[in-house]
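Residue numbers (the working numbering), protein chains in the order written: chain S, 1 to 288; chain R, 1 to 277.
Simulated from the structure, these hints should not be mistaken for laboratory data.
Since we're looking at a predicted model, the values are computed, not measured.
C-beta atoms are modelled at their ideal positions from N, C-alpha and C, and glycine is treated no differently.
Treat each hint with caution, since some may be false.
[Stated by the list, open to error] List time: in silico DSSO-like cross-link candidates among lysine-lysine, alpha-carbon distance up to 30 Å:
(1) Lys37(R) - Lys59(R)
(2) Lys6(R) - Lys198(S)
(3) Lys3(S) - Lys105(R)
(4) Lys104(R) - Lys30(S)
(5) Lys192(R) - Lys92(S)
(6) Lys268(R) - Lys200(S)
(7) Lys3(S) - Lys104(R)
(8) Lys37(R) - Lys62(S)
(9) Lys268(R) - Lys105(R)
[What the hints assert, rightly or not] If the Cβ cut is set under 7 Å, some of the chain S residues that face chain R in the computed set are:
(10) Thr13
(11) Ser28
(12) Thr56
(13) Leu117
(14) Phe212
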Amino acid sequence: MRKFTPYFLLIPTFVIIIFFIYAPAVSSFKLSFFQESFFGDRSIFVGLDNYIDLFTDSEYYKVLRVTFVYSLSSVGITIFLAFLISQLLIQKLPGTRLFRTLMFSPYAVSPAISATLWAMLFTPTAGLVSYLFQVTFNINVDWLTTVPYAMVALIAATVWKMLPFDLIFYIAALQNIPDSILESSLIDGASGWTRMWKIKFPLVTPITFYLFIMNFTTTMFSSFGIIDIMTRGGPLGSTTTMIYRLYLDGFAFQDNGLAAAESVVMFGVMSVITYLYFRFVEKGVHYQ
Amino acid sequence: MRRKNKVYFIVSEILLIIVALIMFAPILLAFFMSFMKPAEVFSFPPKVIPSSFYWQNYKEALRLVPLGRMLLNSAIVAIFITVGKLFTGILAGYAFSNFNFRGKKIAFATLFITLFLPAETVMIVPLFLLMKSLGWVNTYFALIIPFTASATNTFLMRQHFRTIPSELSDAARIDGATPMQYLLKVLLPLSKAMIGGAALINFVYAWNMYLWPLVVTMEDKMKTVQIGVKMLIDAEAANNWGTIMAGTMIALGPTLLVFFLIQHLFVKSLVSSGLKG
Numbered sequence: 001m002r003k004f005t006p007y008f009l010l011i012p013t014f015v016i017i018i019f020f021i022y023a024p025a026v027s028s029f030k031l032s033f034f035q036e037s038f039f040g041d042r043s044i045f046v047g048l049d050n051y052i053d054l055f056t057d058s059e060y061y062k063v064l065r066v067t068f069v070y071s072l073s074s075v076g077i078t079i080f081l082a083f084l085i086s087q088l089l090i091q092k093l094p095g096t097r098l099f100r101t102l103m104f105s106p107y108a109v110s111p112a113i114s115a116t117l118w119a120m121l122f123t124p125t126a127g128l129v130s131y132l133f134q135v136t137f138n139i140n141v142d143w144l145t146t147v148p149y150a151m152v153a154l155i156a157a158t159v160w161k162m163l164p165f166d167l168i169f170y171i172a173a174l175q176n177i178p179d180s181i182l183e184s185s186l187i188d189g190a191s192g193w194t195r196m197w198k199i200k201f202p203l204v205t206p207i208t209f210y211l212f213i214m215n216f217t218t219t220m221f222s223s224f225g226i227i228d229i230m231t232r233g234g235p236l237g238s239t240t241t242m243i244y245r246l247y248l249d250g251f252a253f254q255d256n257g258l259a260a261a262e263s264v265v266m267f268g269v270m271s272v273i274t275y276l277y278f279r280f281v282e283k284g285v286h287y288q
Numbered sequence: 001m002r003r004k005n006k007v008y009f010i011v012s013e014i015l016l017i018i019v020a021l022i023m024f025a026p027i028l029l030a031f032f033m034s035f036m037k038p039a040e041v042f043s044f045p046p047k048v049i050p051s052s053f054y055w056q057n058y059k060e061a062l063r064l065v066p067l068g069r070m071l072l073n074s075a076i077v078a079i080f081i082t083v084g085k086l087f088t089g090i091l092a093g094y095a096f097s098n099f100n101f102r103g104k105k106i107a108f109a110t111l112f113i114t115l116f117l118p119a120e121t122v123m124i125v126p127l128f129l130l131m132k133s134l135g136w137v138n139t140y141f142a143l144i145i146p147f148t149a150s151a152t153n154t155f156l157m158r159q160h161f162r163t164i165p166s167e168l169s170d171a172a173r174i175d176g177a178t179p180m181q182y183l184l185k186v187l188l189p190l191s192k193a194m195i196g197g198a199a200l201i202n203f204v205y206a207w208n209m210y211l212w213p214l215v216v217t218m219e220d221k222m223k224t225v226q227i228g229v230k231m232l233i234d235a236e237a238a239n240n241w242g243t244i245m246a247g248t249m250i251a252l253g254p255t256l257l258v259f260f261l262i263q264h265l266f267v268k269s270l271v272s273s274g275l276k277g
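The following block holds chain S by itself, in its conformation from the complex (with noise of 0.2 Å):
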């Protein structure tokens, strides 16, 4: 009897994931080689036809650039200032758990809500920061359908949303530092800012990778909250990622095949980005 108790255990997890993942998965492969007649009545095998329109379609390479574009500059950023924030946090000031809340509570936000939020600050009569780069900057554009201030709102929206994950993992981090490492810097006579970035920032790589492959997959497909309601993927296209333009093409003109194709273009990042957790992170990161 104990020897089939795990397979009963397992059966619920694989029942939910074969059915509503890897069924999905499955089907949206074969979705690929579909296209819906004319009238939507059948389904017509046409070979490679969805991925050859894809990638002799100019705007979808537009896609795939705004997607980099916004991607990496979001996670770039967000790492950058959530490790420089983290050390202002490891230093048991006075009112660190307060402060530490506070920064942490954009966690608890939806991409949804943060969209909301910055759609406000951003907006060119009532919002704060908008404001605030009128009088310093003397910019005033209407921030969300302007190119290209539309991807910077829709960046500041996503950085702050994922700080406090980084935040989180870096306090962690710097907190596992063995002080003996630390002080020996010291007597070297290490200025704080080289001994932050040539000291303990090559230290937690394996953090800072975990994170970026984290937040990387967070900007690929949880970014469609903010995109849909902060910019609709507009102006001219200037902020449609994939997997909002992927929505678009499976909800709004209902094709199918397209949208499965690009589905399937999409696991083709995510595997590159499967083999490099593979290869880099589950090796090197021990979270406890």
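Fit chain R to the supplied structure of chain S, relying on the hints for placement.
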């Protein structure tokens, strides 16, 4: 050296306060704005503190969009997803932590790969077609069932169960306890804090879902509060940000409150699991 330390200390403290304020400002400003009269919202330069508590914004937000019903939907969806994920995760995690069985490696890899196949975003088209064929479109089933199991929860439970000494399991077996009795009477009571933390992370994750509820719900009475916020922005053609912020506060309130109350639990389980909310 002493003097330098003091300066360093004061500068750090000031920076800390500034950063904390900037991070919290969007939420605080939204809270203030939710009590502003329309004229105050559009005053120039922008006002920060409202002159009075103008509750009309909240009434207006609730009139435009059935946020009450949507809050209820969000709660139902988030609670069932949380319970489902914990239930399936505890069982599967227990299988991986305490048993050796044929196919364990393959089972583990199969589960691991799902970490990088987010069904609720990349596979919305085939998942939607599946819901259509099951007749689940616009139902709680579609919002809940596909998300009741996850690799992250399984790994989290497995990791935690492995920290519990195997002597306990040996002793239980000698006493004649079945594997299920051991799980229920020994492992789970020892894992309360961890399960609590995981529950919170799952709850926030489910509460915050956006793309899937957007495509799979048709009627207002099935939509979640995240979609409600978007509907409110669309309904407020004049962009009365006071009303929109009131709706935002209604949608944000529950998670933020829970977060403030038990933030330490969140942080602990997040770090120990590497679980993404």
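Quick rundown of the hints versus the structure:
Distance hint between Lys37(R) and Lys59(R) is fulfilled; the C-alpha atoms sit about 13 Å from each other, no more than 30 Å. For the proposed pair Lys6(R) and Lys198(S), the alpha carbon gap of about 24 Å is at most 30 Å, so the pair holds. The straight-line distance between the Cα atoms of Lys3(S) and Lys105(R) is roughly 16 Å, inside the 30 Å bound, and the hint therefore holds. For the suggested pair Lys104(R) and Lys30(S), the alpha carbons sit about 29 Å apart, so the restraint of at most 30 Å is met.
Between Lys192(R) and Lys92(S), the direct Cα distance comes to roughly 29 Å. Compliance with the 30 Å bound is thereby established for this hinted pair. Restraint check for Lys268(R) and Lys200(S): satisfied, since their Cα atoms lie roughly 22 Å apart, inside the 30 Å limit. For the hint linking Lys3(S) to Lys104(R), the alpha-carbon distance of about 13 Å falls within 30 Å, and the restraint holds. Only pairs whose Cα atoms come within 30 Å are accepted, and Lys37(R) paired with Lys62(S) is rejected, the gap being roughly 42 Å.
Distance restraint check for Lys268(R) and Lys105(R): the Cα-Cα separation of roughly 28 Å lies within the 30 Å cut-off, and the hinted pair is therefore satisfied. Taken as an interface hint, Thr13(S) checks out: its beta carbon lies about 4 Å from the nearest beta carbon of chain R, inside 7 Å. About 5 Å separates the beta-carbon of Ser28(S) from the nearest beta-carbon of chain R, less than 7 Å, and the hint is met. Hint status for Thr56(S): violated, given a least beta-carbon distance of 21 Å to chain R, over 7 Å.
The closest approach between the C-beta of Leu117(S) and any C-beta of chain R is roughly 4 Å, which is under the 7 Å cut-off, so the hint is satisfied. Because the smallest distance between the Cβ of Phe212(S) and any Cβ of chain R comes to about 13 Å, over 7 Å, the interface hint for this residue is violated.
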